Amino acid sequence: MSTLRTRGPARFGQYLALLAYLVFLAFPFLWLISTAFKPATELGSLHPTWIPEDPTLANFRQAFDEQPLLRAAANSLIAALAAALIAVVIATPMAYVMARHRGRLSTAATGWVVVSQAFPFVLVIIPLFLVLKNLHLINSLLGLVLVYVVWSLPFALWMLTGYVRAVPAELEEAAAVDGAGRLRTLVSVTAPLLAPGIVATALFAFITAWNEFFFALVLLKTPEKQTLPVVLTHFLGAEGVADLGPLAAAAFLATIPSLVIFAIIQKRITGGMLAGAVKS
Amino acid sequence: MRVRTFTAAVAAVALLLTGCSAGEEPDDGTVRLRFQSLAWQKESVDANRELVAEWNAAHPDIQVDYVQGSWDSVHDQLLTSFEGGEAPDIIHDASDDLADFAYGGYLADLTDLLPGRLKADIPARSWETTTFGGGIYGVPFLQEPRVIMANKRILESSGVRLPTPDRPWSWQEFRQIAKDLTAAMGKGRYAVAWPLKEPVSVSLNLGLSAGGQLFHRGKDGKVTVRFTEQDEIVPGTVHDQVNTDLSASRSTLGTGGSDALPGFFGGKYAMVPLGFSYRQQITQQAPKGFEWIVLPAPAGASGLAQGVSPQTLSLAEDSPHKKEAARFLDFFLQPANMVRLARGDWMLPTGTAALADPSLHTPKDGWATGAAVAEHLRSAPAQSVRGYPEWKDKVATPAYQEYYSGAIDAAELRERLEEDGNLVLARYQRD
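Chains A and B, in that order, are what the protein sequence lines are. Position one of the first sequence corresponds to residue 1 (the numbering used here), numbered consecutively onward. Position one of the second sequence corresponds to residue 1 (the numbering used here), numbered consecutively onward.
None of these hints come from the bench; they were simulated from the model. Not one of these hints is a red herring.
Non-contacting residues of chain B with respect to chain A, defined by C-beta distances greater than 10 Å in every case (computed): (1) Ile62; (2) Leu114; (3) Asp357.
List of simulated lysine to aspartate or glutamate pairs, DMTMM-like, C-alpha gap at most 25 Å: (4) B/Lys197 - B/Glu390; (5) A/Lys133 - B/Asp65; (6) A/Lys133 - B/Asp76; (7) B/Lys394 - A/Glu239; (8) B/Lys42 - A/Asp54; (9) B/Lys42 - A/Glu66.
Quick list of the computed label-pair ranges, beta carbon to beta carbon: (10) A/Val89 - B/Arg427: 46 to 54 Å; (11) A/Asn211 - B/Asp28: 36 to 44 Å; (12) B/Lys323 - A/Val150: 36 to 44 Å.
Since the structure is predicted, the reported quantities are computational estimates derived from the model, not experimental observations. Cβ atoms here follow ideal geometry from the backbone N, Cα and C, with glycine treated the same way.
So that you can see chain A by itself, here it is in the shape it has in the complex (with noise of 0.2 Å):
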């Protein structure tokens, strides 16, 4: 009894953080998705509601008058979609030899990737372009999406060790006491066991892709290549004026497709597969 008495603050002190959290995290959104249905003379208001008093659609349809952003959507989900599949296809198989084959090697490549991870963007842009302008792919989704794949590496490498040391080896050696092969080993044991680990990695991949200003910006020359983030910051103007409602409008209707993605595959990304599979 005296546990439970002790235990209910405290369960109700970890909800109301968990509340605090998720307001402090929805507030954002939930002001997007309010500003992209006011019209102008709302923005304007010195006392804001919530709920836009007269909602509209006139945001939408000024923001998709002006900008090409199915255009740059499609661009946009090619990019982060192949980023994310190729970061996945490369970063599994290294993680595996870096989890399981730990030596100087190993150490000197983790430390490498964590290394790699201090490069600010603005450091390696110069040195990229040329190198891409060399290999004729500026202005290229292929460009992109290479750099894409090589910026997420190192993170998605360093999750999927994680994930790949999670899995325990008993696993993998009771399979090779069963007769399977390594590679029999690899496909049909670790890797569905994986399965939450790639999904992750994969999400990040994708998300850092989708997100990604800069490079696209740099890299990309013409109108018909670029991508969502780019077109997006058509509607702001110098000194940080900026045209409010299309741009709510535009970019709520950019968060969407991450959104979407996550409920599709959130559920695969739940733990306890390996729940009761070795006992120890």
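Given chain A's structure and the hints, the job is docking chain B onto it.
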């Protein structure tokens, strides 16, 4: 099954990417120019696009591709493009962003490329803003003075004399009027809101009216900062309005112009000093029945003088078609076209012929006030000072912010601008 799905996905992505790789342009003798414009408001984008379409229709052998850039990131984007030899042929920017590109050899010297008509049409004081080391590196074509957006009802009912470009308020008068007006407006309301997110350019540009100069070029060509009594007049007025008279709102000091507009519409602030182009936002967002007027900024020893950094059009030094690009500039900046661009951006054209257009002298939306102020606009004081961006970010911005909020006094502001500031500038001016 899984493997098959995976292979299909890889194949689909590969197919899409192959279709999206860079295509080479056909070589049919047509000159193709890339024009990166920073126009962003609908009316302005429309005006730009229409002009490009008109040019393309009349010049099948010189085709211009319109590309939209962004003010927010133009400097970094251009720098990378210049370094990589992939810059647009025709570049839209602002004069205060050109110095490094001009000195770096990225922009073409337009002295011999521009037609005499255009050179004669734009006054010398505007050309000064794009002249670096004797060369012209951009055509200044649009500019905006800082004006006072005022709530017509509040000002008229208070009985104060409304200033005109011929009879502007002095800075002293402005301070007194703001004080009286605040007292009449009641608690929680202020005569003035100074949106000073970018305090340095406002202080320097308006400071010219009081005879401020701040940057002094010596006989050896080196620039030093000297914060004189004249330099103190405008910042001092703002400081006293916020901290002594309480006639200016403290809460807007850190905000941008757009953020002050709800308070302006709601009657919380009677006057907001803003760039001329903010009129567009006001017409869009003002509640029905809201009456507003445009007043000239107060005048000082140098009258209505103000510093500006006009929008510019430049050509890339690496462009293989500079002559054709210069022909496009000549067309694009014909007086009638300049008027269209100015109206689209709610700014003033620099060209004298364009500025004489009757549509820019109508009292509606304050056009006439802006047009009357235009002759007093000159190159922003910091325009050609090397090291200015660092001086601004590291020394001047925090110093002015602290001064306006009352955290430091004028003596300390002077000390920081001069002592810390000159150390920064000296680094850029070593032989």
